[in-house]
Every structure is written in structure tokens, then in C-alpha cells.
Amino acid sequence: MTIHLTVRPGFYADSVFLMTIARELRQLDGVTDAALVMGTEANKALLPPSGSLDQAVLAAQASDLIIMIDAGEDMLATALETMDRLLVARPTAKHDALSPPPRSLRSAVRTHPDANLALISVPGQYAAAEAWQALHMGRHVFLFSDNVSVQDERALKAYALENGLFVMGPGAGTAIINGVGVGFANAVPRGHIGIVSASGTGLQEVSTLLAKQGSGISQAIGVGGRDLSDEVGGIMTRQAIDWLQADPETAVIIAISKLPSPSVTSQIMAQLAANNKPAVVIFMSPTLPDAIGDVRVASTLHEAAMLAHVLATGGDVAQAQHHHQQKIAAVAERAAQIRSQLSPQRIYLRGLFSGGTLCEEAMRIWSQSVGPVWSNGPLEPAYQLQDSHRSCAHSAVDLGDEEFTIGRPHPMIDNELRMQRLRTEMADPTVAAIQMDIVIGYGAHPDPAAELAPVIALAAQQMPVVLSITGTDADIQQFDHQKAQFEAAGALVLESNALASHFMACLTGGARDNIRQ
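Remember, our numbering sits 17 above the position in the sequence shown when you count from 1.
Simulated from the structure, these hints should not be mistaken for lab results.
Since the structure is predicted, the reported quantities are computational estimates derived from the model, not experimental observations.
Take these hints with a grain of salt, some might be off.
As the list claims (entries may be wrong) - Simulated crosslink set (BS3-like; lysine-lysine; CA at most 27 Å straight-line):
no. : residue 1 : residue 2
1   : Lys229    : Lys294
2   : Lys229    : Lys61
3   : Lys229    : Lys275
4   : Lys344    : Lys275
5   : Lys294    : Lys275
6   : Lys229    : Lys344
7   : Lys500    : Lys229
As the list claims (entries may be wrong) - Simulated DEER-style distance windows between Cβ atoms:
no. : residue 1 : residue 2 : range
8   : His340    : Leu97     : 58 to 66 Å
9   : Glu41     : Asn133    : 34 to 42 Å
10  : Ala30     : Asn133    : 30 to 38 Å
11  : Arg123    : His340    : 51 to 59 Å
12  : Ala30     : Pro471    : 28 to 36 Å
Beta carbons are placed, not taken as given, at the ideal position from N, Cα and C, and that holds for glycine.
Could you put together the complete structure from these sequences and hints?
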């Protein structure tokens with residue numbers, strides 16, 4: 018294969034349009050990979066090197082188009098011709114000439130003066146400036162953009178705090194405000210449980226598990242993955258807790274985060290304990306905080322949803338915890354039965370995730386039984402995969418990480434990369450089982466089972482394929498419809514990502530393997 022890497026100066030195109038072209042190129046015979054991206058620093062850092070063309074790529078500006086095609090020499094010319102044809106045919110915007118769409122945040126505010134929330138999704142180098150403009154105009158901010166410096170994030174949030182505003186993000190993927198989903202979100206009922214989350218898929222998993230128990234959401238606020246870091250100090254998490262504490266529609270508060278700073282964790286726990294509303298925290302860290310007062314500590318997202326539901330409905334917490342442990346025991350028993358049917362050489366676990374938090378939760382559960390887990394985002398730096406495209410031993414990969422989404426849609430939207438990886442993993446005779454998360458809802462693929470189920474059917478002939486589906490029947494994809502298609506393909510669909518992870522951990526019979534690459 019030959020990697021063709023070049024730059025077209027001054028050729029700007031919408032990222033979704035470029036992703037569509039790249040996907041069509043990857044479907045050509047003889048093309049291993051393709052990416053068309055604008056020359057931002059973040060994009061350039063994720064491209065593979067290509068000899069003498071490296072300097073041209075390094076010099077590319079954000080308005081320049083970078084083209085990468087990995088193809089056989091006999092196919093490269095055809096791929097380039099196809100790309101040129103598709104680029105020339107790029108669509109033009111269609112709108113009513115009397116009411117053209119806003120071209121700036123300021124014009125959007127003039128058009129919609131009553132709107133109080135600005136959704137910002139622009140290249141990272143411009144995101145902070147747009148967020149400042151929105152805040153100065155008195156608007157709350159949902160900052161979908163990544164690649165915003167932590168210094169800018171802290172400054173934006175400090176200003177918002179002082180002025181009674183809110184900044185969700187950077188990298189905010191999910192929120193549910195007054196019953197309306199923002200970003201990736203699910204159709205869940207209104208209710209009396211408020212969520213503050215530094216994790217988008219964590220928020221989705223908990224909110225949908227609550228919906229399946231019959232509980233609803235008052236507000237669900239995504240604060241961005243770095244909010245509980247020492248640098249940011251939990252500014253928006255603490256403000257969101259204050260808001261939920263004052264909200265008469267909120268009876269129980271849930272706080273979610275990956276790897277929060279120990280000092281910020283202590284502040285959040287003390288703040289929740291000082292409130293007069295019961296709370297549940299799920300902080301994915303090596304050491305869980307101690308429960309304080311009416312603040313309960315969950316070890317998984319599923320347990321957090323269970324505890325919040327019981328607290329909101331006045332149920333018996335001890336009885337609910339006992340029932341939850343029975344579910345885990347039933348999963349373990351089922352795993353033991355299936356383990357006895359596997360070939361002795363099938364000993365390794367593999368995970369292909371679209372949600373970073375769901376990937377981390379799986380690794381934490383697996384590692385209790387099998388020891389360290391290799392990943393592109395490992396729990397311990399020593400177990401960083403040298404090549405994220407190649408698994409080894411027990412591996413869990415976050416396919417939604419930036420290294421995989423360069424020039425292609427997120428795996429919640431586009432299943433192509435996960436299907437490729439699934440075919441690779443099922444060909445490995447040492448793999449015992451494969452775990453995957455399926456996240457549906459607003460913004461996600463309209464029917465993931467239609468694409469994934471045929472490949473899963475092939476894999477399931479050789480090993481267990483274990484799924485969890487984050488979603489509800491009210492989502493456009495319909496939870497039950499998706500579940501039926503996956504089960505018909507031979508997949509084992511469990512109630513939550515945590516239960517799926519417990520199944521995987523028990524499938525190995527507690528075998529530990531920390532083999533080095």
C-alpha cells in the first residue's frame with residue numbers, strides 16, 4: 018500500500034461533506050483508508066507521516082485541504098479521480114432568499130432574540146472567541162468544540178459563574194435542558210432526578226437506565242470532561258449542583274465524572290452533603306470517595322441509576338442493592354456456562370466502544386478479574402497500546418477517540434470502522450468474547466443494527482458477542498427494535514454496559530494475563 022498525502026491550498030469545505038467523500042473512497046476496492054480534513058493543528062497531529070510531503074502538511078493552514086489516501090499503486094489514480102469528481106460536485110446551500118440563515122452568532126441573536134442558549138461547534142482555535150461573544154451577549158453556552166485550552170476553559174467558566182451564566186463544555190456532547198436534548202441525547206421522560214455530568218455517554222447511560230425503571234429527568238447538564246480537573250476546579254459542576262439544589266422539580270442529584278481530581282472530589286462531596294437533597298455520585302477513579310450524609314457512592318453507572326431511582330421513589334435501598342447483586346450473580350453464572358463451551362485457546366477479552374466513559378467502565382470491571390487491560394486510553398500508562406489499530410491480550414479500545422475520528426464521523430454515527438475492527442477481532446483464535454456498546458438517540462446512526470447485525474452474526478458463530486444498548490423505545494431507533502435485531506444475529510444483549518462488562522470479566526474464569534506487547 019502507498020500513502021498519498023497532499024495539500025490543496027485555499028480549498029475549504031464542510032467537514033461533514035469531506036467525511037462523506039472519505040467514506041466513499043474507503044469503500045473502493047484497493048483503498049485501505051482515506052481522510053480529507055482541513056489543515057488545523059489538531060487534524061495535522063493525527064495524520065500519518067508521509068516522507069517528503071510532511072513539510073507541506075506542517076505548513077498547511079486551517080483554510081487548506083489535506084488529502085490522505087492509503088491505497089495500492091494500481092488503485093491510487095482511480096481513487097484520486099473519484100475524489101476530484103466528488104469534490105467538484107459539492108452541494109451548495111439552499112435557502113429562502115428572503116430569510117437567509119445567520120452567518121454569525123451576532124446575526125443569530127438578532128434573528129432569535131429570545132434564545133438564551135448558544136450551541137457552538139467550530140474548529141477549536143475559534144471556539145473560545147465565539148464562546149466569549151455569546152457570554153458577553155448574555156447567553157448560556159453549549160460548547161461542542163474540542164481543542165480549547167484549559168486556560169480558556171477556566172476563564173470562560175469563571176466569567177459565566179460571576180454573571181449567572183453557564184458554560185457546558187468544551188467537548189460537551191450531551192445535555193437535556195427543560196426536556197429538550199442537546200447534542201447526543203435520548204428521548205427520556207421528565208421527572209425529578211437532576212444529573213451533572215463530565216461525561217456525555219455516562220449521562221446518556223444513566224438517563225436511559227432511569228427511564229427504563231420509570232424515572233425521569235428534571236435537568237441533565239453536561240459540563241465537559243475537564244471540569245473536575247485541578248486546573249478548572251469543578252466550576253460548572255459546583256454551579257450546576259447549586260442550580261439543581263434550588264430547582265423545585267429536582268428531588269435527587271446525580272454527579273458523574275471520569276478521573277476527577279481528589280481535591281475537587283472532596284469539594285463536590287462536601288457540597289452535596291451540605292444540601293438537603295439526597296445525591297448519588299459515580300466518580301471513576303482508582304479509589305472511590307467515602308459516602309457522606311445523604312450522598313451515596315456508586316461503583317458503576319448502572320448502580321448510580323438504580324440508587325437514584327430508589328431514592329426518588331422512596332424505595333428500600335438495601336433491598337434494591339440486594340436485587341442488583343443478584344443480577345450480577347446471574348450474569349456470572351451465565352458466563353460460566355458459556356465459558357465451558359469455548360475452546361481452551363480462547364482466553365482474551367476485546368472491547369470495541371464508541372463511548373469513552375463506557376470503555377473506561379468496562380476496563381475497571383474487567384481488571385478486577387483479569388488484571389491490566391490494554392487500551393488507547395488505559396487505566397495505567399504502561400498498558401497504552403503501541404498501535405491502537407491492533408489489539409493484544411485483553412484490550413478495550415475507544416473508537417470515539419480523536420485518533421479514530423480524524424476525517425470520519427464518530428462511531429455513534431458511522432459504523433464502518435467498528436465493522437472493520439470486528440472482522441479483525443473475530444479472526445483471532447485467542448479471542449474469547451467481544452463487547453460493544455450501542456448508543457442510540459438524537460444524532461446517532463438511524464439504524465445501527467441494520468449495519469452491524471450481519472457482521473455480528475458472523476462473529477457470534479465463533480464466540481460470544483456481548484452488547485449493551487444505551488437508549489429507550491422513545492428514541493427514533495427504538496430500543497426494543499434494535500435489541501431484537503441484535504439478538505436475532507446471535508448477540509447477547511444485557512441490560513447495561515456494567516452488566517455486559519461483568520459478564521465479560523466472569524467469562525474468563527478470573528484468568529489474569531498482563532502479557533507485554
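Against the structure, the hints:
1. For the proposed pair lysine 229 and lysine 294, the alpha carbon gap of about 23 Å is at most 27 Å, so the pair holds.
2. Our distance criterion of 27 Å between C-alpha atoms is broken by lysine 229 and lysine 61, whose separation comes to about 43 Å.
3. Proposed proximity of lysine 229 and lysine 275 is supported: the alpha carbons are some 24 Å apart, at most 27 Å.
4. This hinted pair checks out: lysine 344 and lysine 275 have alpha carbons roughly 25 Å apart, not beyond 27 Å.
5. Between lysine 294 and lysine 275 the CA atoms are separated by roughly 23 Å; this keeps the pair inside 27 Å, and the hint holds.
6. About 16 Å separates the Cα atoms of lysine 229 and lysine 344, which keeps this hinted pair within 27 Å; it holds.
7. About 14 Å separates the Cα atoms of lysine 500 and lysine 229, which keeps this hinted pair within 27 Å; it holds.
8. Separated by about 60 Å at the C-beta atoms, histidine 340 and leucine 97 satisfy the suggested range of 58 to 66 Å.
9. Taking the beta carbon of each, glutamate 41 and asparagine 133 are about 40 Å apart, inside 34 to 42 Å as hinted.
10. Roughly 32 Å separates the CB atoms of alanine 30 and asparagine 133, a value that falls within the hinted 30 to 38 Å.
11. At roughly 54 Å, the beta-carbon separation of arginine 123 and histidine 340 lies within the given 51 to 59 Å, and the hint holds.
12. For alanine 30 and proline 471, the hinted distance range of 28 to 36 Å is satisfied, since their beta carbons lie about 32 Å from each other.
In this structure, the one hint that does not hold is number 2.
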